[in-house]
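Undergrad: Please work from the sequences and hints to get the whole structure.
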Amino acid sequence: MAQSAAPATGAPAITPISAKALAPWAVFVGILALVLLYFVGAEQGATALISGEGVHEWVHDGRHLLGFPCH
Amino acid sequence: MNSISVRALLVRGMIAGVIAGALALAVAYFLGESQVDAAIAIEEAHSHAAHGGGGGGEEEELVSRTMQATGGLATALLVFGVAVGGIAALVYAYALGRIGNFGPRATAALIAGAALLTVYVVPFLKYPANPPAVGNPDTIGKRTTLFFLMVALSLLLAVAAVIIGKRLAPALGNWNATIAAAAGFVLAIGLAYAFLPSFDEVGKDFPASLLWKFRLSTLAVQTTFWAGFGLIFGYLTERLLVSGNGADARRVATPVG
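For the protein sequence lines, the chains are U and Z, in the order given.
The first sequence lines up with residues 1 to 71 when you count with the numbering used here.
The second sequence lines up with residues 1 to 257 when you count with the numbering used here.
Since the hints were derived computationally from the structure, they do not count as laboratory data.
Don't take each hint at face value.
Pairs of lysine to any residue, SDA-like flavour, derived with a Cα cap of 25 Å [to be verified]:
no.	chain 1	residue 1	chain 2	residue 2
1	U	K20	Z	V11
2	Z	K142	U	F39
3	Z	K213	Z	T223
4	Z	K204	Z	A49
5	Z	K126	U	H56
TA: Written out as structure tokens, the structure reads:
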């Protein structure tokens, strides 16, 4: 049959990526992304790493419209 | 089939995140900015009244309103898009082939939908977004903590629901296992809603229609972002993962022989 000539794909369609291969990416990129989100969503609100109001004022509208608690 | 590279997924997640962020930016600009402006007008009217008609001592603006509504808004949404797109791509890299027999596009759509629900809608129903002029500055610390706690709780419960659903599937079948896991999720979230403190800091004279329109806009921004991300990332990963041999574009899992 024409079908049986095609490569058999009885196994699950997609082989999962092993957790070992994923872990270093997940840790490093996860931390970087959370730091970025902290600056967009929370810096100079409840907590501040940088003094002043510059970061807060710059992302002010985005913070409100993304739904983060702002002030 | 050569193994899927995490790098390729991450790159596509960040690209899809930026594009979805740009779409959400358009919604935020055209739908949300007028609400923010209206709320700021109310805020300023209040502070003028409070300061006895407001003398010349208007506090200096660090960033002009125009910059906040354009450059600032764009920075926030695009950075949000890259960061969230990257995280979603890594979640996708883990979920692909593990959550069931879903192809690349369906997995992307499921993850985007689940993310909208758990990261935004569930926390939003307890701690909705507030426009300028709403919210007591004295409670910002508590409100911020509880908002992020709600996000984390919702994420953990969603992961638990998926794991429990998968465990129950052999005994109950996929449909009933999904219903049981979802019911457990709703119950646990309901308990969190009931026992975590709430805040009602909307001023008596703040227009209800403005508050409603503002909150609806924030929901529109997030829905646009996640719908855009799910569709774009799904398109990109489908092309990445099933493009190898153009003829059989779909890798159908039919047992042969």
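Undergrad: Tell me the numbers of any earlier hints that the structure contravenes, in ascending order.
TA: none
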